[in-house]
Every structure is written in structure tokens, then in C-alpha cells.
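Asks: Given these sequences and hints, build the entire structure.
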Amino acid sequence: MRSAAFILLACLLFIDVEGMVLPRGRCQCMDTGVESIKPKLIEKVEVLYPSSSCKNLEIIVTLKGEGEQRCLNPSSHFAQNFVKKMQKQKRSRE
Amino acid sequence: MFFLQDDWSPFTKNMGVDTKMTFTTGDISSFFDENTTYEDYNYTEGDTCCVGGVCTQHSTMRFEAVFVPALYSVLLVLGLLGNGLVLAVLAQLRRGWSVTDTFILHLAVADTLLLLTLPFWAKQAASGWSFGTPVCKMAGRSSSLDRYLSIVHAVQMYSRKKPWLVQTSCLCVWVFCLLLSIPDWVFLQAVADARRDDRVECVHVYTLYYDSSKDWRLGSRLLYHTVGFLLPSAVMVVCYSCILFRLHRGSQGQQKQKAIRVILALVAAFFVSWTPYNVTLMVDTLHDREAIEDTCGTRTALDVSRAVTSALGYMHCCLNPVLYAFVGVKFRRHLVRMLKVLGCKLKGQVRSGSRRSSVWSQSGNTSTSGF
Numbered sequence: 001m002r003s004a005a006f007i008l009l010a011c012l013l014f015i016d017v018e019g020m021v022l023p024r025g026r027c028q029c030m031d032t033g034v035e036s037i038k039p040k041l042i043e044k045v046e047v048l049y050p051s052s053s054c055k056n057l058e059i060i061v062t063l064k065g066e067g068e069q070r071c072l073n074p075s076s077h078f079a080q081n082f083v084k085k086m087q088k089q090k091r092s093r094e
Numbered sequence: 001m002f003f004l005q006d007d008w009s010p011f012t013k014n015m016g017v018d019t020k021m022t023f024t025t026g027d028i029s030s031f032f033d034e035n036t037t038y039e040d041y042n043y044t045e046g047d048t049c050c051v052g053g054v055c056t057q058h059s060t061m062r063f064e065a066v067f068v069p070a071l072y073s074v075l076l077v078l079g080l081l082g083n084g085l086v087l088a089v090l091a092q093l094r095r096g097w098s099v100t101d102t103f104i105l106h107l108a109v110a111d112t113l114l115l116l117t118l119p120f121w122a123k124q125a126a127s128g129w130s131f132g133t134p135v136c137k138m139a140g141r142s143s144s145l146d147r148y149l150s151i152v153h154a155v156q157m158y159s160r161k162k163p164w165l166v167q168t169s170c171l172c173v174w175v176f177c178l179l180l181s182i183p184d185w186v187f188l189q190a191v192a193d194a195r196r197d198d199r200v201e202c203v204h205v206y207t208l209y210y211d212s213s214k215d216w217r218l219g220s221r222l223l224y225h226t227v228g229f230l231l232p233s234a235v236m237v238v239c240y241s242c243i244l245f246r247l248h249r250g251s252q253g254q255q256k257q258k259a260i261r262v263i264l265a266l267v268a269a270f271f272v273s274w275t276p277y278n279v280t281l282m283v284d285t286l287h288d289r290e291a292i293e294d295t296c297g298t299r300t301a302l303d304v305s306r307a308v309t310s311a312l313g314y315m316h317c318c319l320n321p322v323l324y325a326f327v328g329v330k331f332r333r334h335l336v337r338m339l340k341v342l343g344c345k346l347k348g349q350v351r352s353g354s355r356r357s358s359v360w361s362q363s364g365n366t367s368t369s370g371f
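Taken in sequence, the protein lines are chains P and L. When you line the first sequence up against UniProt numbering, it's residues 1 to 94, in that order. When you line the second sequence up against UniProt numbering, it's residues 1 to 371, in that order.
Just so you know, these hints were derived from the structure itself, not from any lab. Honestly, I wouldn't trust all of these hints.
[Stated by the list, open to error] Mimicking DSBU-like on lysine-lysine, the simulated pairs with C-alpha atoms at most 35 Å apart in a straight line are:
1) P:K85 to L:K123
2) P:K38 to P:K84
3) P:K55 to L:K20
4) L:K20 to P:K90
5) P:K38 to P:K88
6) L:K123 to P:K44
[Stated by the list, open to error] Label pairs and their in silico Cβ distance ranges:
7) P:E66 to L:T295: 14 to 24 Å
8) L:D198 to P:E66: 20 to 30 Å
9) L:P119 to P:T32: 36 to 46 Å
10) P:E66 to L:V74: 32 to 42 Å
11) L:A268 to P:E68: 25 to 35 Å
Each residue gets a CB set at the ideal place from its N, CA and C atoms; glycine is no exception.
Replies: Shown next, in the form of C-alpha cells:
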């Protein structure tokens, strides 16, 4: 009985996988996001790269007006085109 | 790289360099001018009410910035005071250490080490991690030491023989907890995160292993629930139930009443400290598996309750001196003597202290405790 208890204890110790330091934070998008957004409604676009808090790439669009935010699906045709153009433009400006 | 395999993806170009890219109206207006065809992208306000929702962590972070430093300071002061007194008394006793004393020493050292990391976490919650990656790797100790030492105690109280087993198992707890921290040494890093206001935080960075991480994460969670909480709880309940049963068969008396009360307090403290945190984690696991509706409210509630319940777990470190050491008459006598030497007058405590008698000499008399 006693040795069994100690073997059990040893096993317990071996597999304490997640301690108190847990992954902090989460992804910001609730779903894959909208497929497209009318460009004239866009105030700001933020591309968030995968980080310790979220493994996905996320595109967060702030709309003009009340500053409402929407997630844009990064694999949508619109997003791909948009970011490609933006990068080219930024590079040419620099 | 990990999310879009296509080589043409525009997103891969900045990978690993920046944490985010921002385009503002200036960039966008020119894009709009030359791309009138994008008019057919038919987003209008209102028609996508339920798609593309954003859930930021500002409310959680604001809550943590106030709650964590406040509570951790209280825990730090109380915990260091309690455990410091225990260590001071033990240092005075130097020669006559019983098995239980050794156990208490291990527990007090483990608790003190854990408490010493609290200021770092409090600072992180308030304004980010500013101590660099090496300190981050060192501070990332899990609190499992405390928990497993409590179980060693339960098993020792139950089995009542072979003091060397207690010594060995306490040492084993240390060694194993050191081994367990190897993943922390590998993965913990101080990194900035755009999703958390570009704040630098001490976190596990698994980015390179994301492909397989979903299943791995679930597996490790399940193991944590069963092995890190359910089994220890079972061991604790079984051991102390046996002790209580043994006590019940023995003679009646005031001492026995007190012994029973202390054991109940030990078990209660363990469960009050650790159940809420584990329940939160279980709910979080269910949430991850989409068994619970995913709303921004649920996410925030989960994060806030994780902060609160992990503080409860840390609270166990402050309770230990009271639960294990100061219930014993020997400990209180030495403590009072020590404080008297220091010039303190503790009349009340002396009276109540000397009248009561040992708890552990009842329930664990063969441990040759001097209590």
C-alpha cells in the first residue's frame, strides 16, 4: 500500500505539464472574418502576425465613423490583393 | 509560414521581423482611387453584424493591472511573514528536527521561492515584463512543489512509518519539479505581443511547433486535470479519511476534536485553493473544444477568472505556515520564545498557545514529532 502510494506520487510528478504560467492572451477575431470591406469605409488596417497569444494571422480593420472594428479573412481574395498592393506601395515610397 | 502555405502570399514577407503592419487612411485612399472595381465588395454596415467580430483584451488587461499587483502584494507580505517565521523557528531548533519538521522546512522553502516570484508577475500585470528573458526563465516556476509536498505530508501521516521515506520523497519532489521546469527553460521568453498593446510579457513561445499544437495542447490539458489535480485530490482525501477513521476509533477527547478540525482545515484549504483554478481550466478546455459558446464575454470572463483563481492557488503558500506549523504547540512555544527574545510582548498568544496540545502527536504520533 505504502509503496504503491509512493509510486503514484512519482507518477504524479512526472506529468505535471502545465503549471501556473499559462499561455496568456487569445486571438482577437471571433471567426475567420468578413470576405471583403468597401475600401472607402476603411480608416485603418492592422495586420497582426502569429504570436504567443494567437497562432493565426489576423487582419483587423477599423472603420470610419465610430471606429467599429472588423476582422478580415486573411485568405480572402480581397485581403490578399489589398495587403500585396499596400506593401508594394509602402516599399516604393521608402 | 505556418498558416498560409502559398508562396505568393503577401503575408509571408514580413514574417518574423515585425509583429504587425499598420496601414492608415493615407495608404488606403490611393488604393481606393485606383481600384474602383472594389465597389462590388459589398460590405455595408449592419449586414455583417455576426461575422468578423473583434474581441480585444483591453478589459482583461485593465482588470489584471489593478487586481494582480494589489492582491499579490498582500499575499507576498503575509506569505513571507508566515514562512519567514517558520524558517526562523526551524533555524532555532537546529538540533531537534522531527520528520514533520523536515517536511515543514521543505514546504516553507518551496513556498518562499514561489512567493519571491510574485513581485515579478505583479509588475508584468501592471506594465509588462521588463526583466529580460533570463529572469523570465527563472521566474517561471510552477506551483506544483507546494501541492505535491502537501500530498507527501498526507501520505506520510497515513503510512506513519519509515521517516527516511519522507526525506526521500521530499527530495524527489524537488528533483522532479526541477525536471518538470525543463520545458519552461526551453519555451519561456520575454516577447512583445501586438495583440496585447505591444507589451512585453514572459510567456511560453511555441510558435515553431504550432502545426501539431492543437492535439498536443488538449492532451497536456487532460493530463494536467487528471494527474495534476484529480489524482492528488483523491490521494489527499483517501489518506486523511483513513486518518480520521483511525482517530474516530480511538479514545475520545478534546485533543482528538482538535486533530480532526486541523485535518479538515488542511483538506479544505487544499480544495479551496486549487479547485476554482482547475474548474476554470476545465471550462477553458471545453471552450477550446467549442463545447461552450464562443463569445467575447465568455473569453473575457474566462481570462478574468483565471487571474483570480490562480491568485487563490498562490494563497495556499500563505496558509501553509498556519496549517502545518503554527497549529503545533511546540512551534508556537518556540515562536513566542523567539519573539520575546526579540523584545516583543505577545501575552495573549502565550496564554492560548501553551494550553493547547499537539495535534500531530495525535494523528501522526509515530512521526516522532515534538509537537
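Asks: Quick check: which numbered hints come out false for this structure?
Replies: Hints 1 and 11 are the ones this structure does not satisfy, whereas the remaining hints hold.
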